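**Student:** Sequence:
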Amino acid sequence: MQQYDSHHHDQPDLHGNDHNWVRLTRSMIIRFFEMEIAVSEDRVNFGSAISGGIAEVEEYYRGE
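Note that the working numbering has the sequence shown beginning at 251, numbered continuously upward.
Warning: the hint list may mix true and false statements.
Across the chosen pairs, the derived CB separations fall in these ranges [said to hold, decoys possible]:
#, residue 1, residue 2, range
1, 280, 307, 25 to 35 Å
2, 270, 313, 31 to 41 Å
3, 313, 273, 26 to 36 Å
Please keep in mind that the hints were generated in silico from the structure rather than gathered at the bench.
Computed from a prediction, not measured in an experiment: that's the story for all the values here.
For each residue, glycine too, the CB sits at the ideal point set by N, CA and C.
Modelling step: build the complete structure from the supplied sequences, incorporating the hints.
**Tutor:** Now the structure itself:
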């Protein structure tokens, strides 16, 4: 089995894919938050929107 340097950016994950999806996901999340912050300058509304989104995800995974 070939050994990989833990800092090598092309190290495959368990499925043999490289980590481009990590960079893609990170850029998508950053873009999302930049959009949300631009739309909602009110920090209270922004925070409650995030909390509501998290609650929806939790309910989805509980099957409610």
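**Student:** Taking the hints in turn, state whether each one holds.
**Tutor:** Outcome of the hint check:
1. Under the hint 25 to 35 Å, the C-beta atoms of residue 280 and residue 307, about 19 Å apart, miss the expected range.
2. For the hinted restraint 31 to 41 Å between residue 270 and residue 313, the CB-CB distance of approximately 32 Å keeps it satisfied.
3. One distance hint, 26 to 36 Å for the beta-carbon pair residue 313 and residue 273, holds here, with the actual separation near 32 Å.
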